[in-house]
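Chain order of the listed sequences is A and B. Residue numbering for the first sequence is 1 to 568, as defined by this note's numbering. Residue numbering for the second sequence is 1 to 42, as defined by this note's numbering.
Don't take each hint at face value.
Said to hold, decoys possible - EDC-like mimics (lysine to aspartate or glutamate), calculated; alpha carbons at most 20 Å apart, straight line:
id, chain 1, residue 1, chain 2, residue 2
1, A, 34, B, 37
2, A, 34, B, 40
3, A, 36, B, 40
4, A, 35, B, 40
Calculated directly from the structure, the hints in this document are not laboratory data.
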Amino acid sequence: MNSASLHQFSTLTVILLMLAFYGGTYLLTLGIRKKKEDADAFMVSNHRIGFGIGAASMTATWIWAASFYAAATSGYTYGVSGPIHYGLWGALMILFIYPFGRRFRKLAPNAHTLGELIHARHGSSSQLILALSNVLGSVISLMVNFTAAGALVSVLSPLSFQAGVIIAGVGVLLYTLWSGFRASVMTDFAQLVALMAIAVVIIPAVFFAMGGPSELVAGLDNLTVEQADFFSMDAILHQGAPFFVAVLAYAIGNQTISQRLFAVNEEHIKPTFLTATVGYGAIVIGLGMIGLMALTLGIEPLNGDMNNLIPQMVSGYLPPVFIALFFILVIGSLSSTADSDLSALSAIMMADVYGKNLARGKANPQRMLLVGRLTMIVATAVGIVFASFSLDILVMLVFVGALWGAIVFPVIASCFWDRITNAAFTTSVLVAMVMFCLARFEWLPLDGATGLLFELLASIGGGVIIGLMAFGFLGRAMGFLAGGLALLAMLVFATGFLREYTVLLASLTAYGTSTLVCVVMSLASRQERFDFATIGERVGDYDQAHAEPAAAPGQAAAPTSATLAGQR
Amino acid sequence: MTLLYGFYVLVWPALTLGVLVLICRAVLRDRRAAKREHRELV
Chain A
1 MNSASLHQFS
11 TLTVILLMLA
21 FYGGTYLLTL
31 GIRKKKEDAD
41 AFMVSNHRIG
51 FGIGAASMTA
61 TWIWAASFYA
71 AATSGYTYGV
81 SGPIHYGLWG
91 ALMILFIYPF
101 GRRFRKLAPN
111 AHTLGELIHA
121 RHGSSSQLIL
131 ALSNVLGSVI
141 SLMVNFTAAG
151 ALVSVLSPLS
161 FQAGVIIAGV
171 GVLLYTLWSG
181 FRASVMTDFA
191 QLVALMAIAV
201 VIIPAVFFAM
211 GGPSELVAGL
221 DNLTVEQADF
231 FSMDAILHQG
241 APFFVAVLAY
251 AIGNQTISQR
261 LFAVNEEHIK
271 PTFLTATVGY
281 GAIVIGLGMI
291 GLMALTLGIE
301 PLNGDMNNLI
311 PQMVSGYLPP
321 VFIALFFILV
331 IGSLSSTADS
341 DLSALSAIMM
351 ADVYGKNLAR
361 GKANPQRMLL
371 VGRLTMIVAT
381 AVGIVFASFS
391 LDILVMLVFV
401 GALWGAIVFP
411 VIASCFWDRI
421 TNAAFTTSVL
431 VAMVMFCLAR
441 FEWLPLDGAT
451 GLLFELLASI
461 GGGVIIGLMA
471 FGFLGRAMGF
481 LAGGLALLAM
491 LVFATGFLRE
501 YTVLLASLTA
511 YGTSTLVCVV
521 MSLASRQERF
531 DFATIGERVG
541 DYDQAHAEPA
551 AAPGQAAAPT
561 SATLAGQR
Chain B
1 MTLLYGFYVL
11 VWPALTLGVL
21 VLICRAVLRD
31 RRAAKREHRE
41 LV
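So here's chain A without its partners, still in its complex pose (with noise of 0.2 Å):
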């Protein structure tokens, strides 16, 4: 099994099953197809998406190809614990996101951006900071798609990483283009479905075929103390602390889960989230088992190369339909997740940058269908591109990560906090990428004095993660005693310990100082203070025919002139 190679497709093979992919998904979006889309269905459907397509929606983008792999590495790399460090805290960025995403959509109802929000509340400069930082995370998540298809293409079959980049990011902007967010929500259930349906026979099946159960017991022999304890410090603090750290970054940073939030019926976002959550949360750490049992079985990743591990052990112990059901998993949740930020690129382009910024109140629905389409186009080249050549985009990733890490609070108290003013949002955000990069650079020696310094800024940092994450669930009172109580934790145990730790220091670092900045210059002014009741005035549907029939059940719609005259 060490030596084996992976099993091999032919060409045709390859291609049959790429086409019977894409052609079957485009298929599919004929049937939701109008002749004249309007531009506010292409952004967020009719804002009453029910809980099963809702649901599905949001579990399929949120797993996308690198799930798999990252689990399966985890599982592999810290043992009985790994899949769960991974696929656990990607469920609850689903989770937590939804106590905050139930009062964006209550202040905007008609929203299609987490942009126009706070463009209401606070103008441009705010406005475009979160649209930077979601269109730079999309066309990485695009990439990283693109790239996953390319390298799976490339180790099953004889064609090139190039071809299978190509024929993944055409696949999916041609489904996409015409009807976008309503295409994509549609095709999510369907890829959902399959993706489901072969991870339920998947993971059974290698776990029976490699021996069940007692061999699995029988391999614990091979694993470190570390890797046999379910609690393991190793696999808490690399593994599952960095991502806990990411848990409300994510979910604020990512413009498709906003989509999804304006896009669900109202009434609906609890259980689409509790549900995505658990749904995400089972498949990834499933097949983040696969990792576990090659483990135990003491088998080596096929050139070193961790991305192998799955394909390697279905290919070692399932016949070939299985792998062929493999690659139908991968593309299925690769194309899902690629659809999505099309549809999340496009959104933005549309309302932040064009109906916000460029037309100042006169959108024109048919010039922003078109500005969207074009986006699409222009994001799916870039991709390719940026794919193909396998740039290295890990500068890139630790500038959004850290991005994502300084809006958390601005944004969040932004929609809760009628103090927050947009000088204080946008000087908080810069002053704490500026620290971010002189910890996690190291530009400034971590030691003595100035380590203190971050330290103390981190611990910060902590308690506002805990703090906010106990306020979206339970309410002020705990969020502020949660928040507290983490901050003392962690000056009592983070200081002269956290910058041997530079990643989370750094991160942690972005959050408190944000928080920090905002905090003092919202309290140092004098300005007015903001009415909430603004927002829902100011934040609009684009598209007349679409305007009034959006309006919830029970609530009187909207007159068109005053949500066009929103658009300011």
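Given the coordinates of chain A, assemble chain B onto it according to the supplied hints.
Positioned in the frame of chain A, the structure of chain B alone reads:
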């Protein structure tokens, strides 16, 4: 230990199956409701 580890591995595909059934049933309900109200599913 054998039972425990068997459960630990197999509980995830079982949960996945549960969520799959839940989502499929919900989509069928959504579809029926959309038809009844003469509107589109998405």
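Can the restraint linking residue 34 of chain A and residue 40 of chain B be considered satisfied, given a maximum Cα separation of 20 Å?
Holds, because 11 Å separates the two Cα atoms, which is no more than 20 Å.
Sort out whether residue 37 of chain B lies within 20 Å of residue 34 of chain A, counting only the CA atoms.
Holds, because 19 Å separates the two Cα atoms, which is no more than 20 Å.
Under the criterion that the straight-line Cα-Cα distance not exceed 20 Å, is the pair residue 35 of chain A, residue 40 of chain B satisfied?
holds, 15 Å
Check whether the Cα positions of residue 36 of chain A and residue 40 of chain B lie no farther apart than 20 Å.
Distance ~15 Å between residue 36 of chain A and residue 40 of chain B Cα, so the pair holds.
Hint compliance for this structure: no hint is broken.
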